[in-house]
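Enquirer: Sequence:
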Amino acid sequence: MPELPEVETVVRGLRTPLIGRTARDIWHDWARTIRPTPIAPDPAHFAARIAGQTFRAIERRAKYILCHLDDDILVVHLKMTGRLYVTPDDAIHDADRWVHFRVQLDGGVQLRFSDARKFGFVALTDDFSRLAPALGPEPLADTYNIEALRAGLHGHRKAIKALLLDQAFVAGVGNIYADESLHDAKIHPLRASDSLNDDEIAHLHAAIRRALTDGIEREGASVNWYRKPDGTSGKAQQYFHVYDRAGEPCLTCGTPIEKIRVAQRGTHYCPVCQPTPTLLKG
DNA sequence: CCAGCCCCCTGTCGGC
DNA sequence: TGCCGACAGGGGGCTG
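Numbering (this note's numbering), first residue to last: 1 to 282.
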């Protein structure tokens, strides 16, 4: 479940082993792992186009990894179970049976994309905006202040949890950090997004940024599949207040954490710290 | 505009 | 122990 902190950690971990390397060829064993683009509509075009291009910079936008090459961008989305790492050519392939895409690099190393559930993808593009859907503001950007959050809320009337998961509302927040942010802000996940008062908006703004910043500092949450590029686990899961803690005591008040479904996602909250709204519609 | 559902996939786990 | 259904959830798409 790589979200903003996990993707950011992967990006940071890839810079040293990847920047300066030149691509030679690619390999894949699952067609849908490679998303077609105008400049690389199939694996043969992809291979011909990437060959000879050097990795110059790596950045994150929302949950996308953007590897800037000389002319193009290698875009990767990890979705649920994706892993991306650089490894020596001769590293035992069987050690990771879910590798579906590799880029052969110079220097005897490979960039490998592993994805057990095959939801993720790689793509070679010269226009990221055409590849990705409309993405909302980066929540950790200096420009994402309370007013930016309030502006995003305007015109919406749906459960706040569902809105937090909407990448057009705010980019990079997923199920884990949405639950953690709402608990920190003491807001029930089913609260109508247009019912938040000024104090709650301010608290939610701070909570989102705190959850994501802490997540990055802890190098992401390794609940099951996520790993850093060096293969080790993140530590953010050790600090969850509500996510994956159904039935366990709230760290604030001791009440058992409850789990419901909101927007088709498992949603965890404290019924005392985050009181149930009396009106969901009205 | 929004809630709900399906789909893409496969590993894991609880129940029988 | 083995089988089976439920569940995990990022994101696109469709329907009511």
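Read the hints as simulated data drawn from the structure, not as lab findings.
For every residue, glycine included, the Cβ atom is placed at its ideal position computed from N, Cα and C.
Among the hints, erroneous ones may be present.
Pairs of lysine-lysine, DSSO-like flavour, derived with a Cα cap of 30 Å [unchecked claim]:
# : residue 1 : residue 2
1 : K158      : K228
2 : K118      : K235
3 : K186      : K118
4 : K259      : K79
5 : K186      : K158
6 : K118      : K228
Estimated spans, in silico, between C-beta atoms of each pair [stated by the list, open to error]:
# : residue 1 : residue 2 : range
7 : D25       : R150      : 45 to 55 Å
8 : K235      : G155      : 47 to 57 Å
9 : A134      : D89       : 32 to 42 Å
Enquirer: Taking the hints in turn, state whether each one holds.
Expert: To see whether the hints hold, each was checked on the structure:
Distance restraint check for K158 and K228: the Cα-Cα separation of roughly 35 Å exceeds the 30 Å cut-off, and the hinted pair is therefore not satisfied. Between K118 and K235, the direct Cα distance comes to roughly 25 Å. Compliance with the 30 Å bound is thereby established for this hinted pair. The hinted pair formed by K186 and K118 fails the criterion: a straight-line CA distance of about 36 Å is larger than 30 Å. A distance of roughly 23 Å separates the Cα atoms of K259 and K79; the hinted pair therefore holds under the 30 Å criterion.
With a CA separation close to 18 Å, the supplied pair K186 and K158 stays within the 30 Å bound. Between K118 and K228 the CA atoms are separated by roughly 18 Å; this keeps the pair inside 30 Å, and the hint holds. Range check, D25 to R150: about 50 Å between beta-carbon atoms, so the 45 to 55 Å window is met. Here the CB-CB span from K235 to G155 is close to 38 Å, at odds with the stated 47 to 57 Å.
The supplied range of 32 to 42 Å is met by A134 and D89, whose beta-carbon atoms lie about 39 Å from each other.
Violated hints, listed in ascending order, are 1, 3 and 8; each of the other numbered hints is respected by the structure.
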